[in-house]
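Chains as they are written, first to last, in our numbering: chain A, 1 to 512; chain B, 1 to 266; chain C, 1 to 375.
Calculated from the structure, these hints are not laboratory results. Don't take each hint at face value.
Listed below are the simulated BS3-like cross-link pairs for lysine-lysine, each with C-alpha atoms no more than 30 Å apart in a straight line [stated by the list, open to error]:
no., chain 1, residue 1, chain 2, residue 2
1, B, Lys150, A, Lys408
2, A, Lys408, B, Lys135
3, B, Lys95, C, Lys30
4, A, Lys420, B, Lys95
5, B, Lys135, A, Lys225
6, A, Lys420, B, Lys135
7, A, Lys420, B, Lys157
8, A, Lys408, C, Lys30
9, A, Lys225, B, Lys95
10, C, Lys236, A, Lys55
11, A, Lys420, C, Lys30
12, C, Lys327, A, Lys152
13, B, Lys48, A, Lys420
14, B, Lys95, A, Lys408
15, B, Lys198, A, Lys408
Source: prediction; values computed, not measured.
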Amino acid sequence: MTTLDTGPAAAPRVSFFNDPVIRGIIYQVVVAGLLIAFIAWIVGNTAANLAAQNKTTGFDFLWKTAGFDISFSLLPWSRASFYWEAFLVGITNTLLVAFIGIVLATMLGFTIGIARLSSNFIVSRLATVYIETIRNIPLLLQLFFWYFAVLKAMPAVRESLALPFDIFINQRGLMLPRPTPDQEFTWVMVTFGLAVIVAIALSVWALRTRTLTGRYPRQIVLAGKAADACITFLIAFVALLVLLAVIFPISNAPMLAAILAVVIAALSVTRFAALARGVLSFVIAFLILDTAIGGMFSSLPGFVTTAVSAAVALVIARVVYSGALERPPSEARFPLALMALIVIGVPALVYWLTDATLAFEVPVLERFNFRGGLQLPPEFVALAFGLTVYTASFIAETVRAGIQAVNKGQTEAAQSLGLKEGDRLRLVIVPQAMRVIVPPLTSQYLNLTKNSSLGAAIGYPELVNVFAGTALNQTGRAIECIALTMLVYLIFSLLTSVIMNWYNARVSLVER
Amino acid sequence: MSQVSETTVDRPVDTSHMQVSSTNVAIEVIGMHKWYSDFHVLRDINLKVMEGERIVIAGPSGSGKSTLIRCINRLEEHQEGQIIVNGTELTADLKRIDEVRREVGMVFQHFNLFPHLTILQNLTLAPIWVRGIPKAEAEETAMHYLERVKIPEQALKFPGQLSGGQQQRVAIARSLCMQPRIMLFDEPTSALDPEMVKEVLEVMISLAEDGMTMICVTHEMGFARQVANRVIFMDQGQIIEQNEPEAFFSNPQHERTKLFLSQILH
Amino acid sequence: MTDIGFVRADMVDARPAPHRTSGAVAWAQKNLFATPLDGVLTVLGAIFLLWIIPPIYNFFIGHAVGPAGTVEECRMENAGACWAYIHSEMEFFIYGFYDIPEQWRPNIVFALGAALLIPLLMPKVPFKRTNAVLFLFVYPIVSYYLLAGGVFGLKPMPTEKWGGLLVTLIISVVGITLSFPIGIILALGRQSKMPVIKTLCIGFIELVRAVPLISVLFMASIMLPLFMPQGMTIDKLLRALVGVTLFTSAYMAEVVRGGLQAIPRGQYEAGASLGLSYWQRMYFIILPQALKHVIPGIVNSFIALFKDTSLVYIVGMKDLLEAVKTKNDTALEWQSANTATTGYLFAAMVFWVFCFGMSRYSIYMERRLNTGYKR
Numbered sequence: 001m002t003t004l005d006t007g008p009a010a011a012p013r014v015s016f017f018n019d020p021v022i023r024g025i026i027y028q029v030v031v032a033g034l035l036i037a038f039i040a041w042i043v044g045n046t047a048a049n050l051a052a053q054n055k056t057t058g059f060d061f062l063w064k065t066a067g068f069d070i071s072f073s074l075l076p077w078s079r080a081s082f083y084w085e086a087f088l089v090g091i092t093n094t095l096l097v098a099f100i101g102i103v104l105a106t107m108l109g110f111t112i113g114i115a116r117l118s119s120n121f122i123v124s125r126l127a128t129v130y131i132e133t134i135r136n137i138p139l140l141l142q143l144f145f146w147y148f149a150v151l152k153a154m155p156a157v158r159e160s161l162a163l164p165f166d167i168f169i170n171q172r173g174l175m176l177p178r179p180t181p182d183q184e185f186t187w188v189m190v191t192f193g194l195a196v197i198v199a200i201a202l203s204v205w206a207l208r209t210r211t212l213t214g215r216y217p218r219q220i221v222l223a224g225k226a227a228d229a230c231i232t233f234l235i236a237f238v239a240l241l242v243l244l245a246v247i248f249p250i251s252n253a254p255m256l257a258a259i260l261a262v263v264i265a266a267l268s269v270t271r272f273a274a275l276a277r278g279v280l281s282f283v284i285a286f287l288i289l290d291t292a293i294g295g296m297f298s299s300l301p302g303f304v305t306t307a308v309s310a311a312v313a314l315v316i317a318r319v320v321y322s323g324a325l326e327r328p329p330s331e332a333r334f335p336l337a338l339m340a341l342i343v344i345g346v347p348a349l350v351y352w353l354t355d356a357t358l359a360f361e362v363p364v365l366e367r368f369n370f371r372g373g374l375q376l377p378p379e380f381v382a383l384a385f386g387l388t389v390y391t392a393s394f395i396a397e398t399v400r401a402g403i404q405a406v407n408k409g410q411t412e413a414a415q416s417l418g419l420k421e422g423d424r425l426r427l428v429i430v431p432q433a434m435r436v437i438v439p440p441l442t443s444q445y446l447n448l449t450k451n452s453s454l455g456a457a458i459g460y461p462e463l464v465n466v467f468a469g470t471a472l473n474q475t476g477r478a479i480e481c482i483a484l485t486m487l488v489y490l491i492f493s494l495l496t497s498v499i500m501n502w503y504n505a506r507v508s509l510v511e512r
Numbered sequence: 001m002s003q004v005s006e007t008t009v010d011r012p013v014d015t016s017h018m019q020v021s022s023t024n025v026a027i028e029v030i031g032m033h034k035w036y037s038d039f040h041v042l043r044d045i046n047l048k049v050m051e052g053e054r055i056v057i058a059g060p061s062g063s064g065k066s067t068l069i070r071c072i073n074r075l076e077e078h079q080e081g082q083i084i085v086n087g088t089e090l091t092a093d094l095k096r097i098d099e100v101r102r103e104v105g106m107v108f109q110h111f112n113l114f115p116h117l118t119i120l121q122n123l124t125l126a127p128i129w130v131r132g133i134p135k136a137e138a139e140e141t142a143m144h145y146l147e148r149v150k151i152p153e154q155a156l157k158f159p160g161q162l163s164g165g166q167q168q169r170v171a172i173a174r175s176l177c178m179q180p181r182i183m184l185f186d187e188p189t190s191a192l193d194p195e196m197v198k199e200v201l202e203v204m205i206s207l208a209e210d211g212m213t214m215i216c217v218t219h220e221m222g223f224a225r226q227v228a229n230r231v232i233f234m235d236q237g238q239i240i241e242q243n244e245p246e247a248f249f250s251n252p253q254h255e256r257t258k259l260f261l262s263q264i265l266h
Numbered sequence: 001m002t003d004i005g006f007v008r009a010d011m012v013d014a015r016p017a018p019h020r021t022s023g024a025v026a027w028a029q030k031n032l033f034a035t036p037l038d039g040v041l042t043v044l045g046a047i048f049l050l051w052i053i054p055p056i057y058n059f060f061i062g063h064a065v066g067p068a069g070t071v072e073e074c075r076m077e078n079a080g081a082c083w084a085y086i087h088s089e090m091e092f093f094i095y096g097f098y099d100i101p102e103q104w105r106p107n108i109v110f111a112l113g114a115a116l117l118i119p120l121l122m123p124k125v126p127f128k129r130t131n132a133v134l135f136l137f138v139y140p141i142v143s144y145y146l147l148a149g150g151v152f153g154l155k156p157m158p159t160e161k162w163g164g165l166l167v168t169l170i171i172s173v174v175g176i177t178l179s180f181p182i183g184i185i186l187a188l189g190r191q192s193k194m195p196v197i198k199t200l201c202i203g204f205i206e207l208v209r210a211v212p213l214i215s216v217l218f219m220a221s222i223m224l225p226l227f228m229p230q231g232m233t234i235d236k237l238l239r240a241l242v243g244v245t246l247f248t249s250a251y252m253a254e255v256v257r258g259g260l261q262a263i264p265r266g267q268y269e270a271g272a273s274l275g276l277s278y279w280q281r282m283y284f285i286i287l288p289q290a291l292k293h294v295i296p297g298i299v300n301s302f303i304a305l306f307k308d309t310s311l312v313y314i315v316g317m318k319d320l321l322e323a324v325k326t327k328n329d330t331a332l333e334w335q336s337a338n339t340a341t342t343g344y345l346f347a348a349m350v351f352w353v354f355c356f357g358m359s360r361y362s363i364y365m366e367r368r369l370n371t372g373y374k375r
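The shape of chain A in the complex, shown without the other chains (with noise of 0.2 Å):
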């Protein structure tokens, strides 16, 4: 051996300890056995120590009654309910919050992120202010704020703060109107399933025609016409109807608006029709502003908020009456008057004919407090309120992030080749945004479900709550229920990142 260490040639078989390989195993080896040591050291310890507390361990606890309550559930819960049925109770109730937060903080942060990119000074920073604010703040905190601060500060029952629309707030939560549907109105809703199909299924071959023969179907068009007209004379009706009847009050109000409506419905289908939406949309733009005003400056006197109103309301109307000049013939425009006509129109005349009811069930103040109604606990308003505004921040970030991700020269491509901005955006600039939007998208969902364990600290009872806590306070089971929890998670994970996954594999852009 000593011969061939100082010989210049390498021996030719490495030594045992310097193959790669070897030592790849060797190292390989160790790791495993120091964690398999770890684990039964682990092991060992908790049987030793669950011995000496006298615990028993394993999951036959799922079949026992649980015998507690749970305050808010979708599921029928009972003290006499089994174990597994509250590991189902914390599921729904945690799927509930996050889907209903998911879809407000993806409105919201929508909303807020496309502002923060607006080209508008006030827009932009209020925007950014929001953001900025928000997400450097604990969610546990804000959510803390809006628990305790807010809705626990609000009125006693008895004092309730009453908002329109029969909706009362107080300590004890939000109470809605709860709809009951009579028999016939599920004929309604059936015939609002079909609508929306036949709606999108005429939207499909609208648009493949068009993209066929370069233009849209006649009878879409005719249709669509006369759809415009109708959604005209709807909407000026009920915005005439109330600047008339409630506004400035007049004798004799209906039959005024409805022949206004009339008239603005049949300038509308005339070369007149930019006037028409100038006009209708002074009458919206001003409720609007005269009821928003008149609720945010309640000392203003009632005139500066009439003239404030309708100053802005004129500007608006100079705006649509510009932007309809400039609108293509209705040949030429994709006929969403229509599809929302079927859309709405239909279910409205099943609803007249078949002689259905939707009676809403109005919450009362009785004694001590509210009966019937739909009542949201406040944790849950709080926990759908606090990972709403949250995650819409992260929401908005990301949106930016997405839009501006597009290269400027798409844009002008787009551009110089003609398509007009809607084109723009629905053909070019959206489908590359979104590519880049929807994996960190998903991801926030995600963080949102996760997020809603912290409805745990004020009381609302998702899985961790019930589970995690309640019910491996009761049982002691502390591995299995600790283990049941995190495996849900873990599944709403994988669920998540295989779903992302194909989505990527989809949409990749194809490179060399």
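Please build the complex by placing chains B and C on the supplied structure of chain A, with the hints as guidance.
Then chains B and C, alone, in the frame of chain A:
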């Protein structure tokens, strides 16, 4: 100084269809000024382009040549003066801008193909949604132009799968599918490897041979000599000198032009 | 055709833009009233601001009760924030139940920490290595003995008494410092070619990242004592630290992995061709580059961790948020309509200042690194 190449195409250029109209004005720019906030980028631009003209704009980087052609289809706004394209004056009116953009094709330095669409979809997008041409017809036209730029076999691929030269040829074909009356080229070969420059120039020359009105911002002086009927030299945001290529290169008048040419032609 | 030859005789001098492209009016025109729609948005935004700012101003400043105020003032109709409450409970919010005469000890720890950390964060200050060693190895030991006492005649101070901002800072700083090396090892393990080690690392990282921190803390609080030999109790602070560290190290591993993946293959190959061993390659070549790239990612993890420390109430620690909540619920002498709101707003402001500051730092480093990369 940006790199300048002298790439030429080794074949005689067929000039039989290259006729400059003496009556029909394609583009007219009158006393135009543009500022980027306080920076005066374009100063007193006066330019009259007749139909069928092939104009090359040269000049050091930052001289405003790209900005000038971007003003012509209103990717940039000008603050003073007039720009009239095909008889339509460019103002803030969106309808007019759309009208002009439909008739003016533009080719960018970085191609700007839509990466999420196939080559064919890139080509048919605007004809279908802007011109309302039936899909089958639009695809036929698209294939015709793809053949013209010699890459019909790539129709179903995505832009990311193509080389730079191929992408630029697709971008030219995409503009041609709108059957524009004027083509603007914004440094179409600057982002390409030398061996790809030629294939793009080849396409541009064949366009010129068909009598297309073209304005090219480019450093390809060989192309200017072969194809252009007029070379414009810009510096500091203004047109310094313009002339026929022969005279421009052999007998520059202005000091700045001489300096520029001495730097790029050795 | 006219003669096309043209030579400019006089150069046009640059002149200032017509008034509408610069100045305040132009700014307003461009940023507030570019299109009529923009104008509408501006007006609506202004109405919204007019509506929202006065009440906020009145609550925070206008009608607020200053630090010297009394509870009676806070209870008055129309009173705003009750800063007097924050002022009187400030010590609890910062130190928890830490004995008042001993509070100089946490103060020294704060000051030492700031003195060591600030130069560490400033890219241009020299002696980074010495500074880092001091901060990572010497400072924790000194701080621990200073805070816990029991040596050099310092009064023993059990961790149960620690609380408030002190605990928030301890948990977040210790958590990030400990999770950093673990994260590096996990990231290297994840990239390893050895199947057993790779699987273990991926399994740990993905499992931890899949579950909420609250469940990890539940585990630390309930299961950790079960795992230990009989009769051995684990300090609550230690439980929180174990939970937080395990959780953060999984996220840190992913941040570091991002940095490792950004290193060109050539760097690995160059290292190998110089005959360096795996650990030498990592230590001298790969990690210094990778970690520099992920500084913004690390700071972002730290922000997330800093916000997440508010969850340690699960294991029974009174961090800043829990301290505020406790006082809100129990300080009967300060009860008023706005006490709880003021308390939470105070905590929110403290958290915000730290998180916002760090996020600005992260953006600053990102810009710096980006420019460094391009050169």
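> Failing hints, ascending?
Replying inline: none
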